[in-house]
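Chains A and B supply the protein sequences, listed in that same order.
Residues 1 to 253, numbered by the numbering used here, are exactly what the first sequence covers, in order.
Residues 254 to 390, numbered by the numbering used here, are exactly what the second sequence covers, in order.
Since the hints were made in silico from the structure, they are not lab data.
Take the hints with a grain of salt, since some may be wrong.
Under the rule of at most 30 Å between Cα atoms (straight-line distance), these lysine-lysine pairs were calculated in the DSS-like manner [stated by the list, open to error]:
#1 K30(A) / K187(A)
#2 K102(A) / K187(A)
#3 K101(A) / K311(B)
#4 K96(A) / K187(A)
#5 K101(A) / K187(A)
#6 K306(B) / K102(A)
#7 K311(B) / K96(A)
#8 K311(B) / K102(A)
#9 K306(B) / K101(A)
Partner residues are not named here, just some residues of chain B that face chain A (Cβ under 7 Å, in silico) [claimed, not checked]:
#10 M331
#11 N336
#12 G351
#13 L352
Virtual Cβ for every residue (Gly too), placed ideally from N, Cα, C.
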Amino acid sequence: MLDILSTALTKYPLITAFVVVGIIMWASYKVARLTNNRIHGSAIAIVCGLVLAYIGGTVTGEKHGISDVPLFAGIGLMGGSMLRDFAIVSTAFGVKMEELKKAGLPGALALVISMVLSTIIGALTAYAFGYTSPVDMATIGGGAATFIVGPVTGTALGASSEVIALSVAAGVVKSISVMILTPFLAKTAGLDNPAAAAVYGGLMGTTSGTAAGLAATDPRLVPYGAMTATFYTGFGCLVVPSLGYMVISALFG
Amino acid sequence: MVIYGVALMGGCMIVGTFLGYLLGNLVGINANVGGVGIAMVLLVIVSRKLMDKDQLSKLAQDGILFWSAMYIPIVVAMAARQNVVAAVNAGALAFIAGLGAVFAGFLLIRPITALSPKSTLDEDDNAAEAKAPKGAK
Numbered sequence: 001m002l003d004i005l006s007t008a009l010t011k012y013p014l015i016t017a018f019v020v021v022g023i024i025m026w027a028s029y030k031v032a033r034l035t036n037n038r039i040h041g042s043a044i045a046i047v048c049g050l051v052l053a054y055i056g057g058t059v060t061g062e063k064h065g066i067s068d069v070p071l072f073a074g075i076g077l078m079g080g081s082m083l084r085d086f087a088i089v090s091t092a093f094g095v096k097m098e099e100l101k102k103a104g105l106p107g108a109l110a111l112v113i114s115m116v117l118s119t120i121i122g123a124l125t126a127y128a129f130g131y132t133s134p135v136d137m138a139t140i141g142g143g144a145a146t147f148i149v150g151p152v153t154g155t156a157l158g159a160s161s162e163v164i165a166l167s168v169a170a171g172v173v174k175s176i177s178v179m180i181l182t183p184f185l186a187k188t189a190g191l192d193n194p195a196a197a198a199v200y201g202g203l204m205g206t207t208s209g210t211a212a213g214l215a216a217t218d219p220r221l222v223p224y225g226a227m228t229a230t231f232y233t234g235f236g237c238l239v240v241p242s243l244g245y246m247v248i249s250a251l252f253g
Numbered sequence: 254m255v256i257y258g259v260a261l262m263g264g265c266m267i268v269g270t271f272l273g274y275l276l277g278n279l280v281g282i283n284a285n286v287g288g289v290g291i292a293m294v295l296l297v298i299v300s301r302k303l304m305d306k307d308q309l310s311k312l313a314q315d316g317i318l319f320w321s322a323m324y325i326p327i328v329v330a331m332a333a334r335q336n337v338v339a340a341v342n343a344g345a346l347a348f349i350a351g352l353g354a355v356f357a358g359f360l361l362i363r364p365i366t367a368l369s370p371k372s373t374l375d376e377d378d379n380a381a382e383a384k385a386p387k388g389a390k
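Here chain B stands alone, though its shape is the one from the complex (with noise of 0.2 Å):
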């Protein structure tokens, strides 16, 4: 059924979320540290495991996939919400500090990536085929 789907990543995220903030509890914050991480990590694993066995069916697939695919109009939603006026009318200070660390961070991604062992996107994966959006849908 679709709900395995959807039930088995709410899990993952619950699970997250109750290790984020056991995690950030353990360094003394109240915050979330990588719940949402720690869920996703989660799913790779057990989804992987459920397949492996072929205990989840191409429906409950379906059910993440589902998800998967409003991803984007998800961040539209949430770009639609986003407090640009504070961002436009920020003064000067807010605008070097902020887009400072973003030039910085572009800069950086080649060289640190560079250290580490070469990866590529495999073009056949099924579920990151579902994933790319082919056109107006």
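Here chain A stands alone, though its shape is the one from the complex (with noise of 0.2 Å):
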């Protein structure tokens, strides 16, 4: 009998993974209403889908949250690039031409000044805690840009996996505490038109913080700041290893 029950919920990964966050956004938006609506129905959701990220990574000592639980498998597809960039594409639909133009260029200025600015400070930090060569410092700086860039980054330069593992840390409490505070912070930084969404997207970079901090926050303003978020990664892929290490290398080699 159990057996059966756990075919059924584990023979469609992805149908079960719609059903699971189907009722997560019943419940979220339900809660949200006892609020009356003060907290977005989407930012409970949002958390609860971290707080099951948190047991399921406890339960398993996997790397992929509640999805490494096989009944829960699907949520991994759900959530996995392939649709997660794909619905990203789609709310660009019914975007204005002439938003976009005006958002295009304070973005880029976001980009490169955050990426200068993330670098430094990964930078710094490493060095306070003793990582004082140039190849830990430009690796940990390129993990306070991205969780991508710093593995890119401190494989390029043959940094040890220690401190690669560092810096993709730093890459996730960076996404995750994007995706926690920017529905509270959005007011008070003026994150409420595309052109500011285009700039937070440039300055956070992590896409998946930056997806979910703007659902959470006024989803309208989800083309917007995906689009520079997008651009962020490959661009510190480039930069970080080459120009912000030779930078570092020249200050503190």
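Make the complex out of the two chains shown on their own, each in a separate frame, by following the hints.
Following this line, the structure appears as structure tokens:
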């Protein structure tokens, strides 16, 4: 009996994921209504997702949250990069070209400023904790950009696996704190129009962080923020191991 | 047909990914530089052109809007597969580096946005409205 039930739930993983996420959304919007919608339903749903990810990670000891539990394997497909990027592209439908053009320049500027600033913050933090070699500083600096830039930099420069792991951790902290903090800080930070969203995407850079942060704040801002954020990791992989490393090496080498 | 919209979007994504990797290749890295962003710009341009010529049927548009409406649930699933344990257990170094970058970012949103021409969300935009969640559906 239990076997048959488990077969029914694991036979079509993606369908099970639709049902599970549907239930999370329903419950979250109910709770949001209890708070008079002062907290956005999607923000509650995303936090539920993160809590599930924590539980899944603790139970299995693996890296992909709840999706490592066989029952919830479909969550991995549903929330994986393929469908995520497809859904991000779909949000661009109906966006006005004029708004996009207006947001373009400040967005690009934000991207460059943030890449420099994140690398500096990461590298200096590394230095303060005793990782004073330019390779280690550049790797952790890359991690403060995104959790992909860090390991790419570290691998290119030949950093130790301990330092690469630290850079990934810094990037994961960044991505998850962007998800959680954005809805709370959006108003204070002036994140309420397309140009600000493009700037935000360029400043935060993490695709998953901005995707979730804007979804929980105002879904209409998603395309602008996502658009700039998708350039961030590629740009970081280009400049941090090259230009970034050279500058750090000249200053601290 | 609904599939026309989905296929149009998929086509934009494939072209975007191709251009993203091409761009990465040109600058000497094996990475997708902005492929999704390029796909979004393509979708904006192509769908606008088709709609101006009345070539994108209501059903085809629904094919795109379905995915747009699935955006938040997909993001929730994405949140549920993050490595939250690693973030929670990260040492002080990772916390300071990651959070420092985030707070610096939030502080800079206003000053950098101020450099751009004023922009606002258009409230009558049909597509945008369809995107905004109206309570629990």
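Practice prompt. Sort out which numbered hints this structure fails and list those numbers smallest first.
Written response: none
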